[in-house]
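Protein chains in written order, with this note's numbering: chain A, 1 to 158; chain B, 1 to 292.
Don't take each hint at face value.
Taking lysine-lysine and the DSSO-like style, the derived pairs with C-alpha atoms no more than 30 Å apart in a straight line are [claimed, not checked]: (1) A/32 - B/7; (2) A/71 - B/56; (3) A/4 - B/56; (4) B/18 - A/5; (5) B/18 - B/164; (6) B/164 - A/57; (7) B/151 - B/256; (8) B/166 - B/274; (9) A/71 - A/4; (10) A/71 - B/44; (11) B/87 - A/57; (12) B/20 - A/5; (13) B/7 - A/71; (14) B/56 - B/164; (15) B/24 - A/71; (16) A/115 - B/87; (17) A/115 - A/57; (18) B/84 - A/57; (19) B/38 - A/71; (20) B/38 - A/32; (21) B/38 - A/5; (22) A/57 - B/35; (23) A/32 - B/5.
No lab work stands behind these hints, which were simulated from the structure alone.
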Amino acid sequence: MILKKIEVNINGRDYCLDVEENLRLIDLLRDKLKLTGTKEGCGEGECGACTVIMGGKIVNSCLVLAFQADKSRIITIEGIEEDDVIKNSFIEEGAVQCGFCTPGMVLAAKSLLDKNLNPTEEEIREAISGNLCRCTGYNKIVSAVKKAAKLKRGGDGE
Amino acid sequence: MEAIKPKNLEEVLEYKSKYKGDAKIIAGGTDLIIKIRKGEENPKALIDISSLNELKGIRETLEYIEIGPATTFTEICECILLNKNLKGLKDAARSVGSPQIRNRGTVGGNICNASPAADTVPPLLALDSILVIEGKGKKREIYLKDFFKDKGRGELEGDEILTKIKFKNPLKNQGLGFYKLGLRKALAISRLSFAVFLEIDEMNRIEIVRIASGAIGKFPMRELEVEEYLTGRIINENTIEEAETLLERVIFERLKGRQTAKFKSIAAKGVFKKALLNALYLCKGVNDFEKN
Ligand SMILES: Cc1cc2nc3c(=O)[nH]c(=O)nc-3n(C[C@H](O)[C@H](O)[C@H](O)COP(=O)(O)OP(=O)(O)OC[C@H]3O[C@@H](n4cnc5c(N)ncnc54)[C@H](O)[C@@H]3O)c2cc1C
Ligand code: FES
Ligand code: FES
Chain A
1 MILKKIEVNI NGRDYCLDVE ENLRLIDLLR DKLKLTGTKE GCGEGECGAC
51 TVIMGGKIVN SCLVLAFQAD KSRIITIEGI EEDDVIKNSF IEEGAVQCGF
101 CTPGMVLAAK SLLDKNLNPT EEEIREAISG NLCRCTGYNK IVSAVKKAAK
151 LKRGGDGE
Chain B
1 MEAIKPKNLE EVLEYKSKYK GDAKIIAGGT DLIIKIRKGE ENPKALIDIS
51 SLNELKGIRE TLEYIEIGPA TTFTEICECI LLNKNLKGLK DAARSVGSPQ
101 IRNRGTVGGN ICNASPAADT VPPLLALDSI LVIEGKGKKR EIYLKDFFKD
151 KGRGELEGDE ILTKIKFKNP LKNQGLGFYK LGLRKALAIS RLSFAVFLEI
201 DEMNRIEIVR IASGAIGKFP MRELEVEEYL TGRIINENTI EEAETLLERV
251 IFERLKGRQT AKFKSIAAKG VFKKALLNAL YLCKGVNDFE KN
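With the rest of the complex left out, here is chain A:
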C-alpha cells in the first residue's frame, strides 16, 4: 500500500501525515489520531454520527477520503470547548440519552448557529436533518439548539 502525504489542520493544530490512499477521514480521525468522539454509524452517509466541520461546512467523514482533506481545516467534537454553550444546552435540555448522535448533532448545531443566531424551528430541524437519533425523538434536541441560540444572543435561554 502506497502512502500519501497530507497536511491538515484539525482543531487548530497542524498535522503532516502519511495516509493510506483509500483511508477515509473518519478512520484517520478515530484510528490514527485517536479522536474517537467522532462516531461511525452507518458508514453510508445516512446517519450523520460521523459529522465533522470541514472548510466551515458539515460533512460526513465516512464519505470523505483522507487524501481529499489535504490542506483543509477540520473541527471535530474534540475541538469544541468544554464549557461550550451548545454542549451545555444539550445536557440541560436532556437532549443526550445514549449520546451516540450527540457529537454530530452538536457540530450540526454549531454550523447553523455560526451563520444564524436566530433560527426558526424549521431551520433547526433542517440543519439537523442529516443526523439521526434513535433515542430522543428530536424535540429535546431542537429545544437545546433554541436555548443555545438564545444564550448566544445574550438571553438567559428560558
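Assemble the complex: chain A is given as a structure, and chain B with the ligands must be docked to it using the hints.
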C-alpha cells in the same frame, strides 16, 4: 489504488489520458466511496477534483450560465447569479439528501453517476443544458438529453471528463419549476420528480415548454410527447388536464409490465402539474390555476 490530487485541469486530463478508464474522477465522493466500499467499483487510481477551483463555481457569460462540475449542491442553493426564474434548479439542489450530502455532493457527480433519481438532472434537462466534455487535447459539447446511455452510464470515453454544464439564462417571461414527491430519505420509488421550463406570451400561449421527469425510467428524460401537445396552446385548466392525461398514458406505456407502472403513472400526473404551476408562477408572478 493510487490517490491523485492534481493542481489544475491540465493535470487531471494528463492523468486521465494515461490511466483512461482505470482512473476514476472523485468529486464529493458521496456516490463513489460507497460503491468502492461495496466492491462495485475498483479503480486503480482516484483523481480528486473536489477542491479544484477551475472546475468549481457558477459564471454568467453573454448567452449562458456556466456551472463547474465540482460545484456543490449547497453552492447552487446559495448562488445569487441563479435568479428567481431558475428557482427550480435551486429547489432541486435543496431537495437533495441532507446538509452534509449537499455540502459535498456535486452537480457533475450527480450527472456522471447517471442515477435515475439524480435530482438536479431533470431541471438541467428542462433547461436544455449542454455538457462540455474534455480529454487531453480534445473538447466536445453534447446535449445533456443525449448523454445518458443506460442506467448508471453516461456517454464518456475513458480519457474524458465533464468540465462544464451550461444553459441559456432565462428571460423574464420564462421560468423553471421543479417538484419532487415525498420526503427525502423516502423510498426510491417515491423520489419521483418533474422539472418544467416554460415560456408564455401575454395571451398565455405556450411558446416554449420542456418537461423532464426523474426516477421514472432508466435515467431522467424529456417528455417529448407532452411537450409537443402543449406547445402553441393557451395554458388553462383544460390544457393542463389534457397534458396530465397524456403524460399518464405515456408513462404507463413506458413502464408496462412493471409492478410500479400504475402507481408511477398516476403519481407522475400530480407531480408534473405542481412543477408546471411552479414554472407558470415564475413566468407570470401569479398562480391562476391552482385549485387543490
Ligand atoms: C445519504 C445520501 C443521500 C443522497 N441523497 C440524494 C438525493 O436526494 N438526490 C440525489 O440526486 N442524489 C442523492 N445522493 C447521491 C449523491 O449525493 C449525488 O448523486 C451526488 O451528486 C454525487 O456527487 P459527488 O460529487 O459526490 O460524486 P462522486 O461520488 O464523487 O462521483 C460520482 C460519479 O461521477 C463521476 N464523476 C464525478 N465528477 C465527474 C466529472 N467532472 N467528470 C467525469 N466523471 C465525474 C465519478 O467518477 C463517479 O463515477 C445521496 C447520497 C447519499 C450517500
Ligand atoms: S457513519 Fe457517516 S453518515 Fe453514518
Ligand atoms: S441520544 Fe441516542 S442516538 Fe441520539
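Here's how the hints hold up against the structure:
no. : hint          : verdict
1   : A/32 - B/7    : holds (27 Å)
2   : A/71 - B/56   : holds (17 Å)
3   : A/4 - B/56    : holds (24 Å)
4   : B/18 - A/5    : holds (22 Å)
5   : B/18 - B/164  : holds (22 Å)
6   : B/164 - A/57  : holds (24 Å)
7   : B/151 - B/256 : holds (18 Å)
8   : B/166 - B/274 : holds (25 Å)
9   : A/71 - A/4    : holds (13 Å)
10  : A/71 - B/44   : holds (24 Å)
11  : B/87 - A/57   : holds (23 Å)
12  : B/20 - A/5    : holds (24 Å)
13  : B/7 - A/71    : holds (12 Å)
14  : B/56 - B/164  : holds (9 Å)
15  : B/24 - A/71   : holds (21 Å)
16  : A/115 - B/87  : holds (23 Å)
17  : A/115 - A/57  : holds (11 Å)
18  : B/84 - A/57   : holds (25 Å)
19  : B/38 - A/71   : holds (28 Å)
20  : B/38 - A/32   : holds (23 Å)
21  : B/38 - A/5    : holds (26 Å)
22  : A/57 - B/35   : holds (24 Å)
23  : A/32 - B/5    : holds (21 Å)
In this structure, none of the earlier numbered hints is contradicted; all agree with it.
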